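Each position in the sequence shown, counted from 1, maps to that position plus 14 in my numbering.
Don't read these hints as lab results, they were simulated from the structure.
Keep in mind the model is a prediction, meaning the values are calculated, not measured.
What follows is a list of derived Cβ distance ranges for each label pair: (1) Arg57 <-> Pro107: 32 to 42 Å; (2) Tyr139 <-> Thr60: 45 to 55 Å; (3) Arg53 <-> Glu94: 48 to 58 Å; (4) Pro76 <-> Arg53: 34 to 44 Å.
Listed below are the simulated BS3-like cross-link pairs for lysine-lysine, each with C-alpha atoms no more than 27 Å apart in a straight line: (5) Lys145 <-> Lys90; (6) Lys157 <-> Lys31; (7) Lys145 <-> Lys104.
Built from N, CA and C at the ideal position, the CB exists for glycine as well.
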Amino acid sequence: MSEKVKSYDQIDYMIIKELSYNARVSAAQISEKIDVNERTVRRRITRLIDSGAIRITTIVDPSVFGYHSIADINLKVDPEVYNDFINSCKENPNVCYIATGWGDTNLAIETRFLDNEEMYDYIHYTLPQTKGVEVVNFFIIPKIIYNIDQWLPNENDFKD
Numbered sequence: 015m016s017e018k019v020k021s022y023d024q025i026d027y028m029i030i031k032e033l034s035y036n037a038r039v040s041a042a043q044i045s046e047k048i049d050v051n052e053r054t055v056r057r058r059i060t061r062l063i064d065s066g067a068i069r070i071t072t073i074v075d076p077s078v079f080g081y082h083s084i085a086d087i088n089l090k091v092d093p094e095v096y097n098d099f100i101n102s103c104k105e106n107p108n109v110c111y112i113a114t115g116w117g118d119t120n121l122a123i124e125t126r127f128l129d130n131e132e133m134y135d136y137i138h139y140t141l142p143q144t145k146g147v148e149v150v151n152f153f154i155i156p157k158i159i160y161n162i163d164q165w166l167p168n169e170n171d172f173k174d
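Let the hints inform the model, and build the full structure from the sequences given.
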């Protein structure tokens, strides 16, 4: 079982929760809501960011831009082309997630396309024609119910 790298407390949890609702909320507003000194809230936010526990970032909703066709694709990629293929995936605007895998699959990617035809061509023509890349399986995703930007650690992960 993996151990926590850093120790965080209930104040950190309350700050993270408030930021998860609205990353643009001010330290003053958080301070008022959780009844903690504003300077403490600012210092805690800085520590959370500096430690890598949180990132303040923009989350783009692909569907607003018309990217409604989603597929998770599991691949077997030969070691000699692995790094080059990963780099090409990073440059591909249709690939939004890349992870290593186990077993028959050593790479998993999430893709988004403007339409099903574009997605079909990528899965059935582009990938199979890529040297050293084999599509093991894929899943068409009609609807994402819960996404990573909604996830929060368990409150029990924070000490009293």
